[in-house]
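Asker: Same order as they appear, the protein sequences are chains A and B.
If you read the first sequence in the numbering used here, its first letter stands for residue 34, the second for the next number, and so on.
If you read the second sequence in the numbering used here, its first letter stands for residue 33, the second for the next number, and so on.
The hints are simulated quantities; they were obtained by calculation from the structure and are not laboratory data.
Heads up, a few of these hints could be off.
Claimed, not checked - Lysine-lysine pairs mimicking PhoX-like chemistry, simulated, CA-CA at most 25 Å apart:
hint, chain 1, residue 1, chain 2, residue 2
1, B, Lys-110, B, Lys-43
2, B, Lys-43, A, Lys-101
3, A, Lys-75, A, Lys-146
4, A, Lys-75, B, Lys-43
5, B, Lys-110, B, Lys-49
6, A, Lys-102, A, Lys-75
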Amino acid sequence: AQSVTQLDSHVSVSEGTPVLLRCNYSSSYSPSLFWYVQHPNKGLQLLLKYTSAATLVKGINGFEAEFKKSETSFHLTKPSAHMSDAAEYFCVVSAYSNTGKLIFGQGTTLQVKP
Amino acid sequence: GAGVSQTPSNKVTEKGKYVELRCDPISGHTALYWYRQSLGQGPEFLIYFQGTGAADDSGLPNDRFFAVRPEGSVSTLKIQRTERGDSAVYLCASSLTGGQGDNEQFFGPGTRLTVL
Numbered sequence: 034a035q036s037v038t039q040l041d042s043h044v045s046v047s048e049g050t051p052v053l054l055r056c057n058y059s060s061s062y063s064p065s066l067f068w069y070v071q072h073p074n075k076g077l078q079l080l081l082k083y084t085s086a087a088t089l090v091k092g093i094n095g096f097e098a099e100f101k102k103s104e105t106s107f108h109l110t111k112p113s114a115h116m117s118d119a120a121e122y123f124c125v126v127s128a129y130s131n132t133g134k135l136i137f138g139q140g141t142t143l144q145v146k147p
Numbered sequence: 033g034a035g036v037s038q039t040p041s042n043k044v045t046e047k048g049k050y051v052e053l054r055c056d057p058i059s060g061h062t063a064l065y066w067y068r069q070s071l072g073q074g075p076e077f078l079i080y081f082q083g084t085g086a087a088d089d090s091g092l093p094n095d096r097f098f099a100v101r102p103e104g105s106v107s108t109l110k111i112q113r114t115e116r117g118d119s120a121v122y123l124c125a126s127s128l129t130g131g132q133g134d135n136e137q138f139f140g141p142g143t144r145l146t147v148l
């Protein structure tokens with residue numbers, strides 16, 4: 034079975050400093066991995082996705098993630114945090130089935146301090 | 033164009049009552065998903081429709097939960113004899129074709145269900 038584990042439930046950074054949100058995955062096959070962001074009272078929005086092409090994936094709003102098979106990790110990074118980045122972030126794997134259903138991690142709350 | 037919409041945005045009901053939650057997917061999207069997000073948790077898959085048929089309902093917690101998509105567009109999630117443990121945000125998502133791979137799922141804002 035596929036799963037993802039987000040290693041931090043809460044991350045706090047200062048505005049202008051780097052962001053690192055950690056995610057490990059478990060999958061017996063080559064997975065499709067995603068990061069979604071959820072702002073308060075708004076729908077989930079796709080930040081980026083990995084589907085076995087380039088291992089370094091660039092997403093929206095300056096975020097990127099690197100797929101590391103040897104470490105089974107898919108960490109999300111951003112060089113410089115902005116106040117508007119404060120939100121809940123989910124690491125997601127697509128289940129190994131013909132449905133495309135998504136399996137979400139528990140989420141990481143990103144706090145950005147001025 | 034319009035995104036995925038869900039109605040109502042909030043629903044408060046009493047234990048034992050019946051509720052219906054509606055999802056309007058993006059026009060032309062054949063795949064539709066329902067997820068449930070409990071407080072402090074990530075969303076959990078409930079059911080997947082491809083067209084009018086429920087292709088995967090393995091996430092429905094019990095037989096009190098049922099969903100339909102009669103014309104392959106709008107979907108309704110139905111919960112009978114609601115329990116306090118059903119309180120959660122119910123999310124709907126649609127994608128162009130569904131299936132394995134990188135088909136992006138577009139999420140609606142959710143319906144917050146509170147069972148008193």
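Asker: Against each hint, give a clear statement of whether it holds in the structure.
Answerer: The hints, checked one at a time:
Under the criterion of a C-alpha separation no larger than 25 Å, the hint pairing Lys-110 of chain B with Lys-43 of chain B is consistent with the structure, at around 13 Å. For the given pair, Lys-43 of chain B sits about 42 Å from Lys-101 of chain A by alpha-carbon distance, which is inconsistent with the 25 Å threshold. With a C-alpha separation of about 21 Å, the suggested pair Lys-75 of chain A and Lys-146 of chain A falls inside the 25 Å cut-off, and the hint holds. For a cut-off of 25 Å, the pair hint linking Lys-75 of chain A to Lys-43 of chain B stands: about 17 Å separates their Cα positions.
A C-alpha spacing of about 11 Å is found between Lys-110 of chain B and Lys-49 of chain B, which places the hinted pair at or below 25 Å, so the restraint holds. The straight-line distance between the Cα atoms of Lys-102 of chain A and Lys-75 of chain A is roughly 32 Å, outside the 25 Å bound, and the hint therefore fails.
Hint compliance for this structure: hints 2 and 6 are not met, and every other hint is.
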